[in-house]
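Those sequence lines, one after another, are chains A and B.
Quick note: the first sequence, position 378, residue 359 per this note's numbering, numbers continuous.
Quick note: the second sequence, position 170, residue 151 per this note's numbering, numbers continuous.
Check each hint, because a few of them may be wrong.
Note that the list lumps identical chains together, so a pair holds whenever it fits in one copy or between two copies.
Unchecked claim - The calculated DSSO-like cross-link candidates involving lysine-lysine, where the alpha carbons are at most 30 Å apart (straight line), are:
id	residue 1	residue 2
1	Lys22	Lys354
2	Lys191	Lys274
3	Lys(-16)	Lys22
I should point out that these hints are in silico values taken from the structure, not numbers from a laboratory.
Number of protein chains: 2
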Amino acid sequence: MNKITTDILIIGAGPSGLVAAATAHENYPDKTIIVVKEDQKGQVPCGIPYVFGEILNDVEKNAMPCGGDMPNITKIVDTIQSVDIDAKIATGIEHSIVFDKLIFATGSISFVHPSFEDAVILENVFTIEKKYEEVKRLKEYLQDKQKVVIIGTGFIGVELAEQLQSVGKEVTIIGGRHILANSFDVDMAIKAEEIMRSKGIRLALGQHAKTILRHDNRARGIELFDGNTIEADVIILATGYQPNTQLAQEAGLKLARYGGIWVDEYMRTRNKNIFAVGDCCGRRDFITRDPSKVMLASTSAAEARVAGSSLYQLKNLKGFNGTIAIFSTMIGDRAFASAGVTQDRAEEENIDYVTGYFEGMNRHPSTIGDASKQSVKLIAMRNSGQVIGGQVIGDKEAGEIINIIGLAIEAGLTIHNIISLQVATQPLLTAAPTTYPIIKAAQNCLIAHR
Amino acid sequence: MNKITTDILIIGAGPSGLVAAATAHENYPDKTIIVVKEDQKGQVPCGIPYVFGEILNDVEKNAMPCGGDMPNITKIVDTIQSVDIDAKIATGIEHSIVFDKLIFATGSISFVHPSFEDAVILENVFTIEKKYEEVKRLKEYLQDKQKVVIIGTGFIGVELAEQLQSVGKEVTIIGGRHILANSFDVDMAIKAEEIMRSKGIRLALGQHAKTILRHDNRARGIELFDGNTIEADVIILATGYQPNTQLAQEAGLKLARYGGIWVDEYMRTRNKNIFAVGDCCGRRDFITRDPSKVMLASTSAAEARVAGSSLYQLKNLKGFNGTIAIFSTMIGDRAFASAGVTQDRAEEENIDYVTGYFEGMNRHPSTIGDASKQSVKLIAMRNSGQVIGGQVIGDKEAGEIINIIGLAIEAGLTIHNIISLQVATQPLLTAAPTTYPIIKAAQNCLIAHR
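Excised from the complex, chain A in its bound form:
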């Protein structure tokens, strides 16, 4: 057992752990920092679906750059098995690490519904774990298989479905009434569904898997609640993730609703020397202030930047915050992006809202060769006009357009601020200044308000 002493210890080397380490070093360059990771090789979490198609097509190509470029941070491969918070010692299999400040960045593990818990042991039933060996195992297993059934219509399920279909698999995806329902309203989601259907992906929506049918040690298909069955060579459960908090729990830390480690707005646990960031910590929704189940690397990175700069002193007043659930993906050659609350969510939360929608072109004039449609939907508080949600469909730049909307939400801007916003427009790059979609959608919110 190696005994080591460090100023700052970070458990976990996913996006939140690495960003926390980098930020801690920037803020406290004289402190020693150790990051403990479970595996030598990592995976970029959001790149995992693309390993299964032709975009990456190789587990190695999705390697997480775990830090050859972080010269000031020591990385140790070990599995921490216990943390003594009072004595400030973390104990792994090979190392015992004495720390002054500790950041839990232990991430999340897949959530499996109780009715499928006994099926995950079957050789052809998989969850998507964010681990090199697991991704590799599934990739190899799929090699000579044809019929894939994916349970879950969140973004991992949807991205995976498209990638597997693109390499010739027969893919069925099973889930709620509409795909990506946490991020998109029906009017936007159906456009994504159309693209998926046109590619030959079978969408079994509004269906729910009742049981996994077996034959010997293998699953042979799924029985739906309506009695129909779907045959499968491989079943993938993409039914979400849960905070990985066993270690923190055993260390005596308090958990929040939905099982994440309880933290304050500065990512501190009840113990001011112990922080938690990323999917393992409890989150709130920026708009509703309710506990949130959102898990996104970008939210994790934001939390890690707050923690990394707050380890020894609080440096910036954090006001109203929480996750704005800002998210983007590609379906076919269209980007779909969302931030804040959807209209459906606003209804559920009893928010008095208005919406504005605009569809235009992403170049001007629209005779520019690569011009394509671009649509924006905004959701705003009826009284104050504050922007609380947005959804975008367009070409790849939609991935950044949502970040404009996200910033507007975080900064508490109103549709009036948006209407007189100055935006750079250029024929080859953007919509026209006269029909810039965020501004037009804001104007349509105003018309809806009357």
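With chain A's structure known, arrange chain B on it following the hints.
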């Protein structure tokens, strides 16, 4: 002479006139609106350079959609020759229009340095006017010409140079030490210059044209101040624009410094019934509050939205404003974009600033097929941390990344706000959450601050 009466009269049908008309209709749906335009056919102003290359390659393809889609707005082709502000009558060649509210949207005309004023009458010396017939005339004239000299390294000159080179012309561009000097610092501008040189465009930088050499009724070249001469079949003066205010001036309206129509923050002239928007009005800089010469369609559109909603009553308090000079273009296959002040400008204005620079990749992992470099430079006030400028180089999405920075500037956000910003990130669409370039540049501002 047709005598007509309208509630709202708008003189000019460029972007600012059309946006003012649309916004006025949205805000005052019961009012009658007339837009007077000089020509039946218009041109999308920022599309003009692309008419000269293969991207549009046709004046018709750059037609301004002057409103087949604006059913509630009457368009009249005429040239207004005088406005009686007290009697509220505008008189054209064929129409006499009685109005209640008037918006000047008369735009800008090219600026020609006094030493070249007598050269513009030559058959092969051109300015770039935003008129269908003028663009067509130059396009046709260039058909069988080879050597083109462009004077002026602003964005019109640079875009035009690239387009003409792309269709086989020999292009020389003459101007200051670096191209696009109002929008980019030297460290960013040299990257644009490298691309232009690699395409075979001759950059005569730090040179100034002394005189245009003639032979009969044609220019044959340019003599520089260093005594060298450059031969030319065609000379294009791309030396900026000036407000088109003759009509307003004759009507007795007060002008601002640099010759634009003086307006308050609601785009009202001294007469509360008369407004001015777009390039014809006087502007201030958002950061320095100084009078500004910036002319951009996006600024014009923002002004038009303010005017269109303020015609009968002020509806929203406009605070600190002015142009943030937000702008983007393509050079080669790279997008260059800028907002707010450059570092050079901050020096001139005696601003106590810090800068942060970050270069990364626009996809993650960087093994994604279309991944390319993306760099962001931020300029912030040293004390308050407020973001006052940004420059971006990247793939096409840089055209929207600059709008995130622009919003941060307009909303008065600080580098601390940016550091904990939540951004959507996705392998196929954006940089990694760990290395999102605006956030990393903000962190580097903070390091510079120490």
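Comparing the hints with the structure gives:
no.	hint	verdict
1	Lys22 - Lys354	between (40 Å within a copy, 25 Å between copies)
2	Lys191 - Lys274	within (24 Å within a copy, 68 Å between copies)
3	Lys(-16) - Lys22	within (24 Å within a copy, 80 Å between copies)
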